[in-house]
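J.: Can you build the whole structure from these sequences, using the hints too?
Residues in the sequence shown are numbered consecutively from 5, following the working numbering.
Bear in mind the hints are in silico, worked out from the structure with no lab data behind them. Please note: incorrect hints may appear among the correct ones.
Capping the alpha-carbon separation at 30 Å, the derived lysine-lysine pairs in DSSO-like fashion look like this [to be verified]:
(1) K315 x K57
(2) K303 x K262
(3) K113 x K303
(4) K319 x K57
(5) K319 x K124
(6) K141 x K124
Computed Cβ-Cβ distance ranges for the label pairs, DEER-style [stated by the list, open to error]:
(7) H59 x E169: 36 to 44 Å
(8) S290 x G56: 47 to 55 Å
(9) H59 x N210: 42 to 50 Å
(10) G316 x R211: 36 to 44 Å
(11) N210 x D78: 31 to 39 Å
(12) Q245 x G316: 26 to 34 Å
(13) T251 x E112: 35 to 43 Å
(14) S290 x Y265: 23 to 31 Å
(15) S290 x H117: 21 to 29 Å
(16) Y327 x Q271: 21 to 29 Å
We treat Cβ as the ideally placed atom computed from N, Cα and C, and that holds for glycine.
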Amino acid sequence: MKWLTLICLFPLCILAQKKSYVPVTVAFYNVENLYDTVDNTMVDDDDFLVTGKRHYTPEIYREKIGHIAQVFHDIQMVVQSNTTALIGLAEVENDTVLTDIVRHPLLEKQDWHFVHFDSKDRRGVDVALLYNPRLFKIRSATPVFVAIPSNTKASHFTRDILHVEGWLLGEKIHVFVNHWPSRVGGEWKSYPARAAVAQALRRQINRISKADSTARILVMGDLNDDPVNTSVVHDLGATNQKNVLDTLLYNPWLDFYKKGYGTLAFQNAWGLFDQIMLSQNLLLRSDTALFFWKANIFKPSYLVETMGNYKGYPKRTYSGDSYQGGYSDHFPVYITFLKCWAKK
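T.: In structure tokens, the structure reads:
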């Protein structure tokens, strides 16, 4: 593993003494309807078949897999090769598509592993977590089922929350991967469904924190709400304030949102639904432990639409039923931690 050497700018460091840092990156990406081409009679995947109205061919599928692999490869290169530890995904159909991603030539040498459970989502798309076993050692993985209010959505089932517990560079951590209910039917009419998931996640966090007040927690996902919305701020308990109540999550994306940055666009308005949040104790700068460094939206030029009505938007795979050859209707996000050792 290569090391990133930086001049210490933090109070914990001694008078311009040089130290070596390893950057550890955690990413999240809604990959927009990543289906295979096999008919699954248990879910609604008819549009994503060769015979479907989107004419979803094996060639389109292979190109889609290659696009996702390219994004994951390039996120790693932005910070430093081989130090991306975790990648959360939304809108993956099954283990088949995950296997095809990690076996793609751009990624296969890194030996990525993944965690995935099928949920009761009508569309058959779930969340998953890719992990680099050299950096993250898994202890357990559990799907968290959430019942949503029956009067808020046409479908009474949403994606499960994925809870993965393990050790990130030797430090115990809890990771929650989310894809909250959409805004179909209207933002406020559908809000109780997202509130139900946010509150269920908050109960999980409270349970963990009660058992271990020092627990380190990461929450990532497509929340279908912005960092300022009630579901995120009040139901989940996420803030951009540091060193506040230990039970509150730190959300670095609130500042991005206030500056007009987003991860998806609709009717010429940007939303920042894709977020990664962390427990307050991951903010503490330390000589030995991981600590939060920075957050970023990943948007290289090849992910951005360059023409037409959607110029500047994420370059999506489909516009309606018309194949666009793009990547996703969301931009990925990532955060980077640092771990510091005194240089010998």
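J.: It remains to establish, for every hint, whether it holds in the given structure.
T.: Evaluated hints:
no.: 1; hint: K315 x K57; result: 25 Å, holds
no.: 2; hint: K303 x K262; result: 18 Å, holds
no.: 3; hint: K113 x K303; result: 25 Å, holds
no.: 4; hint: K319 x K57; result: 20 Å, holds
no.: 5; hint: K319 x K124; result: 29 Å, holds
no.: 6; hint: K141 x K124; result: 28 Å, holds
no.: 7; hint: H59 x E169: 36 to 44 Å; result: 42 Å, holds
no.: 8; hint: S290 x G56: 47 to 55 Å; result: 52 Å, holds
no.: 9; hint: H59 x N210: 42 to 50 Å; result: 47 Å, holds
no.: 10; hint: G316 x R211: 36 to 44 Å; result: 42 Å, holds
no.: 11; hint: N210 x D78: 31 to 39 Å; result: 37 Å, holds
no.: 12; hint: Q245 x G316: 26 to 34 Å; result: 31 Å, holds
no.: 13; hint: T251 x E112: 35 to 43 Å; result: 41 Å, holds
no.: 14; hint: S290 x Y265: 23 to 31 Å; result: 29 Å, holds
no.: 15; hint: S290 x H117: 21 to 29 Å; result: 28 Å, holds
no.: 16; hint: Y327 x Q271: 21 to 29 Å; result: 22 Å, holds
Of the numbered hints stated above, none is contradicted by the structure.
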